[in-house]
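Engineer: The listed protein sequences derive, respectively, from chains Y and G. Just so it is clear: in the first sequence, position 33 is 33 by the working numbering, and no numbers are missing. Position in the second sequence counted from 1, then plus 115, gives you the working numbering.
Because the hints were derived from the structure by calculation, they are not lab data. Bear in mind that the values here come from a model prediction, so they are computed numbers and not experimental data. Every residue gets a Cβ at the ideal spot worked out from N, C-alpha and C, and that includes glycine. A couple of the hints might just be wrong.
[To be verified] Mimicking DSBU-like on lysine-lysine, the simulated pairs with C-alpha atoms at most 30 Å apart in a straight line are:
1. Y:K69 / Y:K102
2. Y:K110 / Y:K68
3. Y:K102 / G:K122
4. G:K122 / Y:K110
5. Y:K69 / Y:K58
6. Y:K68 / Y:K58
7. G:K180 / Y:K102
8. Y:K110 / Y:K69
9. Y:K58 / Y:K110
[Claimed, not checked] With the C-beta cut set under 7 Å, the calculated list includes, among others, these residues of chain G facing chain Y:
10. S157
11. L158
12. L207
Chain residues, written in single-letter form:
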Amino acid sequence: AQSVTQLGSHVSVSEGALVLLRCNYSSSVPPYLFWYVQYPNQGLQLLLKYTSAATLVKGINGFEAEFKKSETSFHLTKPSAHMSDAAEYFCAVSIVSGGYQKVTFGIGTKLQVIP
Amino acid sequence: SAVISQKPSRDICQRGTSLTIQCQVDSQVTMMFWYRQQPGQSLTLIATANQGSEATYESGFVIDKFPISRPNLTFSTLTVSNMSPEDSSIYLCSVRQTNTGELFFGEGSRLTVL
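One chain only, chain G, in its complex shape (with noise of 0.2 Å):
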């Protein structure tokens, strides 16, 4: 198993700014997820953040607007810019044990735009 730290749990912003989430895991994994939880909705695969290359982005999801870092085997951050209200949500960054595809989660961080 792996132990998953996140910062913020939470945060209010305002319209138009930018938020940088952190992710700490406790042993070393090559791949690390990101993941966006919607009021209602299910978990949506935002992007894959992969240690010494540029991030793997889903359908739906840009740079631009989500940008990751990965400096190393144990650290990630998501960047949610510019910010609108429909980008209140939980964020959940995630590691996966690669043979059966279980995945662990950080506690998440809950983000509220006004």
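Just chain Y, same shape as in the assembly (with noise of 0.2 Å):
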């Protein structure tokens, strides 16, 4: 079994402040961990993901997380914020178990950028 959970459901920052997104994870097998955005009125869409490459993964928009086993963290960070990151970010977590596939979300986090 594996869950997620993301602490916070609302951060605010400030323009140009340090955007960081917290996820941690539980997993009984190695997993593959992503984040995706939800901007309003539209789908998810993937920001980046670890498929056990790289700890350190970059994706879009300038957004970076780092997978750090001996805390089962996968935080979201980007050094600069923007307006337009204003969005809802969800960690999620992928196993294979049994031959079977299975993607669990967290609970959201949603990011005002306060100009």
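Starting from two chains that each stand alone, build the complex the way the hints lay out.
Structural biologist: As structure tokens, then:
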């Protein structure tokens, strides 16, 4: 079984400030990890993914995330927030168990960027 | 990657009626997935639509309430039957890149039941 915990359902940052969105997971087998972004009135779009290669993963729009096995974390960061980053962000974990692939999503974090 | 189109993008429906959501993918895929995103909550998998066989439903979801069709490898429909206000949600169609589990989503169908 696996689970995903996103700490903070709402995060506010000032424009130009560091963005840090937290994600912790639990998994009985090595997972794949993802961050998705959902802009208002749109579907989910992949930001970045960890698939057991480099632990520091770079994604679109200047976002990156670091897989830390010892901390079971996959936090999303961006050095400088833009107004256009305001959206909801979902962390997800994918595992293969018994030949069946299962994806579990976190509850989401709404990012507000303050001018 | 895959491009996924959903119809309708949004609708307002009356209690007791049914609505069918369509999902079209620009490439052939074995499995298509239907998710529900309730207000303030995460995505929950409703069912997996397999071409040529019955859909596989997750715990808490039943075929009578959410019948699914999968007539070919690029198309699927999800019907929300006998709707109640609790069915107000975003319904998302998705396909998966099988080697990593990466999901591609349609833009969602936003359903409001009065």
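Engineer: Against this structure, judge whether each hint is valid.
Structural biologist: Consistency of the hints with the structure:
1. Restraint check for K69 of chain Y and K102 of chain Y: the C-alpha separation of about 20 Å stays at or below 30 Å, so the hint holds.
2. Pair hint K110 of chain Y plus K68 of chain Y holds up; C-alpha atoms about 23 Å apart against a cutoff of 30 Å.
3. A C-alpha spacing of about 26 Å is found between K102 of chain Y and K122 of chain G, which places the hinted pair at or below 30 Å, so the restraint holds.
4. For the hint linking K122 of chain G to K110 of chain Y, the alpha-carbon distance of about 26 Å falls within 30 Å, and the restraint holds.
5. For the proposed pair K69 of chain Y and K58 of chain Y, the alpha carbon gap of about 17 Å is at most 30 Å, so the pair holds.
6. With a CA separation close to 15 Å, the supplied pair K68 of chain Y and K58 of chain Y stays within the 30 Å bound.
7. In summary, the hint linking K180 of chain G to K102 of chain Y is supported, as the alpha carbons are separated by about 23 Å, within the 30 Å threshold.
8. In summary, the hint linking K110 of chain Y to K69 of chain Y is supported, as the alpha carbons are separated by about 25 Å, within the 30 Å threshold.
9. A C-alpha spacing of about 21 Å is found between K58 of chain Y and K110 of chain Y, which places the hinted pair at or below 30 Å, so the restraint holds.
10. Hint on S157 of chain G holds. Least Cβ distance to chain Y is approximately 5 Å, under the 7 Å limit.
11. At a threshold of 7 Å, the smallest CB-CB gap from L158 of chain G to chain Y is about 4 Å, leaving the interface hint in force.
12. Here the hint on L207 of chain G is kept, as its CB sits about 6 Å from the closest CB of chain Y, short of 7 Å.
Violated hints: none; the structure is consistent with every hint.
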